[in-house]
Amino acid sequence: MESVRAVRHETRTRAPLTGVAGGTGVRVEQLTRRYGRTLALDHVDLEVGPGITGLLGPNGAGKTTLLSILATVASPDCGRLSILGHDPDESSGRLAIRRSLGYLPQELGYHRHFRVAAFLDYVAILKEITDGRRRHAEIARVLAETGLEAVASKPIRTLSGGMRRRLGLAQALLGDPSLLVLDEPAAGLDPEQRLRFREMLSRLPTGRMVVLSTHQVDDVTAICSSVVVLLAGRARFSGTPGELAALAKGKVWAAATRDASAELSWRAGDGSWRHIGPEPPSGANLVTSTVEDGYLLLSGSAGGSDPSGTVGPRGAA
Amino acid sequence: MGHGMRAEADDAALLRGVAAGDEQALTFLYDRHAAWMLARMSRRCSAPDIVDQALQDTFLAVWRQAGRYRGEGDVAAFIWGIGVRRLIDAIRRAGPARPVVQAGWRRAADHGLVRSAEEEVLLGIEHGSLSEALARLSPELRAAIQATVLDGLTCAEAGKLLGIPAGTVKSRCHRARIVLREALS
Amino acid sequence: MRDPAAMRDTAAPGSAGGACPVIPPGLVTGYIRGLLESAAAMSVEAHLPACPACRTVLAGEVDQTRLDRNRSVLVTRLALPDAGPAGGGLARLAERLAARCGVPVHVWRLLSVTPALRRSWLAGVGLVLGTAIGAARFAGPGTGLATAASGGALPAGMLPFLILAPLLPLAGVPVAFHPRLDPAADLATAAPVSGVWLFCVRSVAVIAAALVPTSLAAFALPGSGWLPLLIVLPALAVSAGALALATLVRPLPAALSAGAGWVAAVCGAGLLAGSPVVAYAGAAQAAWFAVAVIACCLLAVRHRVLEFGWSR
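From first to last, the protein sequence lines stand for chains A, B and C. All residue numbers for the first sequence refer to the numbering used here, where the first residue is 1173 and numbers rise by one. All residue numbers for the second sequence refer to the numbering used here, where the first residue is 83 and numbers rise by one. All residue numbers for the third sequence refer to the numbering used here, where the first residue is 4 and numbers rise by one.
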């Protein structure tokens, strides 16, 4: 089982943070955060560049904690952080980061009475856009970008779930931030809404950094240019989706029936059985590994395989 | 709001819809009238951002004041009456530091423009001697007449629009009237 | 998006789609480009608003992008609370009033989200005050406050008001700052707006919004004397104490503790000094002032908590 152990070994990121360097990326070094006795983040090393970065992991892996630290809403217990070239530990650094930040928390609440435009107005004021004219223009711009012009005067509670997520994205886009932190932006949406949301994300003007978390692999495959796999508070992989798929290269095979020697097996869409394991049995027909296979290999080696064989990442709800 | 207002409805019906709270009726009014409002405002104020602001303020004011339209005069005049005053407010809010230059009415003689055949026909049929008389006025006098007569502003409002004291407006109108009377008699 | 059907106006002449009978298209173009002589330009200008055919010509010449941009901003502004009838005339009136008093629009908008300032909350305060005053008036004559302080009998009906008065501004504090009642709290934390500034503005607004009616209601009490003014310091002390405690524990327990402290002080005054009114007396005022100052110092020391939000 040496190859499994090799995969278990953390895939190192690029050169670690040497200090609070100038620059426009996000660099994280040895980030640790505890909640009571639970270790939410365990010495995480990470680097984020321009484009869309997906943070992939099951529930409870620490994604929300990591994102809330990146959004300066929480502070780490130890570790060093450089966001957009600033140190969030200093209040001047925090202020500078917050000026270029757009944050969509996992549970975005709205005051009950708010209408869409009034809510955006409120958030715009929080973002220190005090000039009324500039505020109006900004709100009109994000409404157009997220396709919400038609519901601008409707109360938020009358909107569907998909539209509320779009509203969440719209408020994050106010002020044209250089860093967007989105916590499970597509969770709970039905497939069609999810598709439209992904489309909207990929249509955003490039040049800014987007970090989003998800527990669905196809979100990553569809729009992310780089992916970080977070399992039990540790960053187990960082690279492009292609590299994640390559992790499982040569370890995925299909057969007509279940194969007992596989670590994981499930029924694929075409009726055959797909298997992932360290050693394909002789005569097995190897298939091209996908991003999902790479992820399953990683998460399977983290905490034991899931014998129920459901398609998709392990979602310990 | 399902008020079922159709885009082709006439102005008065749209305005009634607006008074009843139909947002779509207001957008139809905008689609119909914003273009000439923009052109007309731009001839009185050369700063595009002020004109943009005034245009939005106008239709917002129409939204609030639609109930005041009693059916007298046409809707376009009602909207322009609101619009020109919003323009004055926007100019005032921009502050004295913003030089608001009036895009003056041109005189053919100054710019070497030749009257087109269509203009000849129009002026010949409609206005004949009036256009000759108007041509005799200097730009300032003409602007004063335009503000008070064409736009229906009071001397005080005209003063704010042109950036001159109300008394100056009054005296200019007076002089203009003298010149016109002479020219037309 | 723009509806081209709106350009056709069923009632106006020339709407059949034909050319304008009065003004040829060349003149409209000339007008837009500023090429016309004054009389012709004025003529076209006066004619244009009422003629669909000429408006159609105009539509081909104007900057459509500019019109569309203004249209979308207009739609946005219509949806905002200050638009007018659809949004609620009361909200707009309140905003204009605030602007007259020197409160900038954006500060007012931030404050009007605070639950403690919502109409319902203020109505509740009014109700409680009304009850207290009613009790005071109808509970029998008795002597006024001044004599009660110097040992006279306190009319029983006054007691509820004396106990309640500083608690009303206090009650606004947890309502305004409780994380669950401010659903967008995380957004406020992640935003550049200074957490400390937001906190101060909200606190002042919440406390004042309850303190002013309470103080005014005190005038309705029989023989109130200086009570309206005497309420101010105890109320400020209790509220500031709650806010300071809230940086250590959650807002609700903090407010409850501060409230309990006040009730204890009043009861203590009643038991030890004979009359609860002593809690408002001169010496007590000095003590309340000291408490308020200490609370403010504690807040200044703990300002980092304000930046990161209560829940962390």
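Keep in mind that the hints are not guaranteed to be accurate.
Unchecked claim - Covered stretches of chain B, going by a simulated chain C footprint (3 or more residues, C-beta under 8 angstroms):
1. 114-120
2. 241-249
Unchecked claim - Pair ranges (Cβ atoms, derived):
3. Ala159/B <-> Ala102/C: 29 to 39 angstroms
4. Val65/C <-> Gly163/B: 14 to 24 angstroms
5. Gly105/C <-> Pro1377/A: 36 to 46 angstroms
I should point out that these hints are in silico values taken from the structure, not numbers from a laboratory. Since the structure is predicted, the reported quantities are computational estimates derived from the model, not experimental observations. All C-beta atoms, glycine included, are put in the ideal place defined by N, C-alpha and C.
Original post:
Can you list which hints this structure breaks, lowest number first?
Top reply: 2
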